[in-house]
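Colleague: Here is what each chain is made of, one letter per residue.
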Amino acid sequence: MTVELSLTRDPAHIRHGSNIGQPMTRTDGVLKVTGKARYAADNHPAGMVYAVIATSCIARGRVTSLDVAAAKRYPGVIDVMTPAHKPELAEDPDAKGNPFAFRMELLQSDEVRYANQAIAVVIAETLEAATEGAALLSPRYQVEIARVGLDAGEAYAPPVVGIGNPAEVRHGDIDAGMAAATKLTDATYETPAQYHNAMEPHAIVAVWDGDRLFIDTPSQGMGFAQMRVAGLFGIPPANIHINSPFLGGGFGSKGLISGPQVLGIMAAKLIGRPVKLVLRRGQMYGPVGHRPPTRQRIRIGTDDAGVLAVINHEARVTTSSFDDFYEPAADASHTLYASPAIRTAHEAVRVDTGTPLFMRAPGEATGSIVLESAIDEAAFACGIDPLEFRLKNYAEVEPTTGKPFSSKALRQCYARAAERFGWAGRPLQPRQMRDENGFLVGWGMGTATFPAIMFQGNARAVIRADGNGVMETGAHDMGQGAWTALAQISADSLGLDFDQLTFRSGSSDLPDAGIAGGSGHTATVGAAIHNAGAAVIAKLAELATTDERSPLFGAGNAGVVARGGRLHRRDDDARSESYVEILARAGLAEVDASGSGAADAAAQSQYAMHAHGAVFAEVKVDPELGQIRATRLVGAFAAGRIINPLMVQSQLRGGMIWGLSFALHEEAVMDHRSGRILNANLAEYHVPVNADVPPMEVITVDEHDPHVNPLGIKGVGEIGITGSAGAVANAVFHATGIRVRNFPIKIEEIVMGLG
Amino acid sequence: MRIGALVRNADLAHDAEFARSYPAVAEALLSGASAQLRNAATVGGNLMQRTRCAYFYDAGSACNRRWPGAGCDALKGENRLHAVLGWSEGCIATHPSDFCVPLVAFDAVVEIEGKGGRRELPLEALHRLPGETPERETALERGDLIVALRLPTEAKDFARHARYIKVRERTSYAFAVVSAAAAFRIEGGKIREARLALGGVAAKPWRAREAEQVLAGARPDPAVYREAARAALAAAKPSGDNAFKIELAQRIVARALTLAARGTPDRIPALPGSPFSSVAGA
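Listed in order, the protein sequences are those of chains G and V.
If you count the first sequence from 1, position 578 lands on 578 in this note's numbering, and the numbers rise without skipping.
In this note's numbering, each number is its position in the second sequence, counted from 1, plus 755.
Please keep in mind that the hints were generated in silico from the structure rather than gathered at the bench.
Take these hints with a grain of salt, some might be off.
Below are the DSS-like pairs computed for lysine-lysine, each with C-alpha atoms no more than 27 Å apart in a straight line [to be verified]:
id, chain 1, residue 1, chain 2, residue 2
1, G, LYS392, G, LYS403
2, V, LYS992, G, LYS746
3, G, LYS72, G, LYS269
4, G, LYS96, G, LYS269
5, V, LYS831, G, LYS746
6, V, LYS911, V, LYS945
To be clear about the criterion: a stretch of chain V counts as covered by chain G if any three or more of its residues have a C-beta under 8 Å from a C-beta of chain G, and this derived list gives those stretches [claimed, not checked]:
id, stretch
7, 793–799
8, 812–823
9, 826–840
10, 1006–1013
11, 1024–1033
From a predicted model like this one, the values you see are computed outputs, not experimental measurements.
For glycine and all other residues, C-beta sits at the position ideal for the given N, C-alpha and C.
I would like the entire structure built from these sequences, with the hints used as guidance.
Modeller: Here's what the structure looks like:
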């Protein structure tokens, strides 16, 4: 008897939909609201002591002295880790092994590369003693002049931007496009440095047991963290056990293990006791990445009818003096608008900051606000409604590659959001609308886009003799709802009701689920779960369909379907057998199987894969005082299959609020002489408060995508920022007639511009 | 009205009689900080907030308030929100209190228990301009304790025409870029008496007496508001990248006067102090 194993994109065994697509509330919700969810810093192993980092207050130079004796004299201080007194590392923390390895400061020298860099670690019996000990170190420095800002030095062309993207991309004939254009928008925009500011600071509780290491730490990528720590300490990755069930936000800053987290591990090794190290809020502005400032010049040429002839998008970004991460800001212009000629190019300037890193929609966020603002400018220059302009230049294929889209329901997004917002009849000219109180009213829009990315992830599925199932995968819940959405996929993949499933996650002892980034976690791990489920159901099906005693005998593997803990014959639903019966007859306690998920290279080479959306914003502006208030935001998004509408709404809403924040609030203010950040706290680093968030509506547009992955998931983690920031900025222009090209939009620009 | 120094900001603002008698003070209180901070902050604590800026907090920077004679790194630093009135080269920081702005407009008095017994001080005289000695922020002496705050009964006469307007960079939990408290006694269609003070412009809550004189006896109309606004900012000069604040302050003064003349709202708006407080649902 031949077993028909069907593990194609549409596996025979699995019916998705019983759990997938349902608006289930968070499985970890009660734990969180009752304070029972145990975050990394909530752990207190026996004998644990506290480590506090002393940070540099200069941005460039050398530490010439530390008063270690004074710190050590303080009651409760156990030890002070310095460049002269620290455990040996097996690997240079400045070594670059792979594109995801970034240099970190682990007290390897007395050099200071940026303000807020770790220069020592004080270990004490109490947090208070460690904090006081760190203050008593009274560092002295040899100071060099800090390089600050986008004009701090000679600009150069980076080798690549983002992870491996070419720094310059040319499509079509730029010169010919410029020559053909009868209308040209040529505008230079700036975006500020931003910091992730996850609510939960980076924290670690590290326990060594011989050459085994147990760490509690928030991670968006336990597999990567294991590899990095293994290299640094010269132990096998399997000896490192990371526990990371919950993250209080990550936004990319917890994608790679950071220097301070490793310092906690070093401190535990130095003194041979469990150590807890938690960053203070201000210490998060430096060693854990940020979104670098950008200056972007964008030229958009059209004919008189508003048809694009050329987009030339150039971005200058900063990076650190000692490492290479280049925000791929201009890449936002690759995919959205059908221009016969597109050029994107980047240049970089080295400054004395921590290395910028991935921050929610890295490149897409900085590039999108500029592209969408400039498209608004181009539409205005042509006297065309901004939505009509976008539809006129709608990309039917990906402009820079010519590939067809795997799916693209952007037209429906435009239509649904515009209708819901009431966009029709919007006056073309700015400063035309007032409300009953005399406030200026403006409407703006932006297109949202984010690539459908996948990493590599694994899962293991088990069906037990009692008929219940287990799904194991070392996935990461940053608050986005992985505990819930991945469990929904698991239940369907095992053909079980939700309450028959045990979903295990959040630990590096489970199969590596890859990184929770690039909006690709649900797609990647979902595919792994789906494949693991299909494989274990195939084993059950094989047991049943090859057994003469089974009502399914002879059906063939593809002839059965799993549902509600039973296998049913596809051609006769009434003939079925439960998992319990199948395993009992086979005398098995359980069956298990593994599955993995990753991008399909063949499909990727054939199709362009992106999620899309459209965001419409209304703002009101005080005509004399210049104060801006967002009053409405409507977004419609097409992102493939929606696993859990509640979680997806929440993700998109959060992203849109971040877009609002980008346009109107968020900025790290750096002293242009010292290179120190002056607002490294949540009081002065402004993100919107509840009272700044307008009534919002999020619409998800159905999109069936047979190409991205088996489940048709595109991801929603980052797209909400894109489009939204530009929509708000464009609404401010429409309200006031003032085009502010420095973000966030500041009151002085409006006050002085209003006249 | 005598208010103990340990009364919480939120309790005071929500006291019905207080809010009826001194609506601009209640509105200022509720526009300050965040709900959580207002629940914890006290009257005395609010008065004693340090005049400060980011350089005061940044231990790596020179600050004459922290270290007399060290210099002021704010002066040529990131200073778009710093003082435009009463500053010196020694310090350009602003006093961040909202509460104190209408209080100085209404001639509030501070009761102080000191080594020599109890004494009184007009609130306006409590905070000092920086001059040559920015480290001396208040008129308090060593051993002094603020025990109470008094609002004169006459201040109630302004209750029908009193507003506090605050422009800030987000709707809550942000200091004023500039704010203004304005109040009138209007009789027979004329301004009998005006009170005006500004916040976010100087090292102390800034009483604008020249502007009050312009308004006294005039008919309430936009032209006189603009003239009063000019008078209030006549002595202003930028201390850095903040020239816009002089223009903005004049507009806020004119707005606060306009709204005060229009009349105190029946209840404190849901967005206290906000220019958008009149927007339905806001």
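Colleague: Test coverage of the stretch 793–799 of chain V by chain G using CB-CB distances below 8 Å; three residues minimum.
Modeller: violated (count 0)
Colleague: Taking beta carbons only, do three or more residues of the stretch 826–840 of chain V come closer than 8 Å to chain G?
Modeller: holds (count 5)
Colleague: Verify the proposed pairing of LYS392 (chain G) with LYS403 (chain G), using a straight-line Cα cut of 27 Å.
Modeller: At roughly 19 Å apart (the allowed maximum being 27 Å), LYS403 (chain G) and LYS392 (chain G) satisfy the hint.
Colleague: Are the Cα positions of LYS831 (chain V) and LYS746 (chain G) separated by 27 Å at most?
Modeller: holds (20 Å)
Colleague: Does LYS269 (chain G) sit within 27 Å of LYS96 (chain G), going by the straight-line distance between their CA atoms?
Modeller: Within the cut-off at roughly 24 Å; holds.
Colleague: Can you take a look at whether the stretch 1024–1033 of chain V is actually covered by chain G? Rule is 3+ residues, C-beta closer than 8 Å.
Modeller: holds (count 5)
Colleague: Could you grab the alpha-carbon distance between LYS911 (chain V) and LYS945 (chain V) and see if it respects the 27 Å cut-off?
Modeller: holds (18 Å)
Colleague: Holds or violated: the stretch 812–823 of chain V covered by chain G, criterion of 3 or more residues with Cβ-Cβ distance under 8 Å?
Modeller: Our answer is that it holds, as 4 residues pass the Cβ test (under 8 Å) against chain G, meeting three.
Colleague: Assess, step by step, whether the Cα of LYS72 (chain G) is no farther than 27 Å from the Cα of LYS269 (chain G), and give holds or violated.
Modeller: Judged against 27 Å, a Cα distance of about 18 Å means the pair holds.
Colleague: Is it true that the CA of LYS992 (chain V) sits at most 27 Å from the CA of LYS746 (chain G)?
Modeller: It holds: about 20 Å lies between the C-alpha atoms, which stays within 27 Å.
Colleague: At least three residues with a C-beta closer than 8 Å to a C-beta of chain G: is that true for the stretch 1006–1013 of chain V?
Modeller: holds (count 4)
This entry does not satisfy hint 7, going by the numbered hints stated previously; all others are met.
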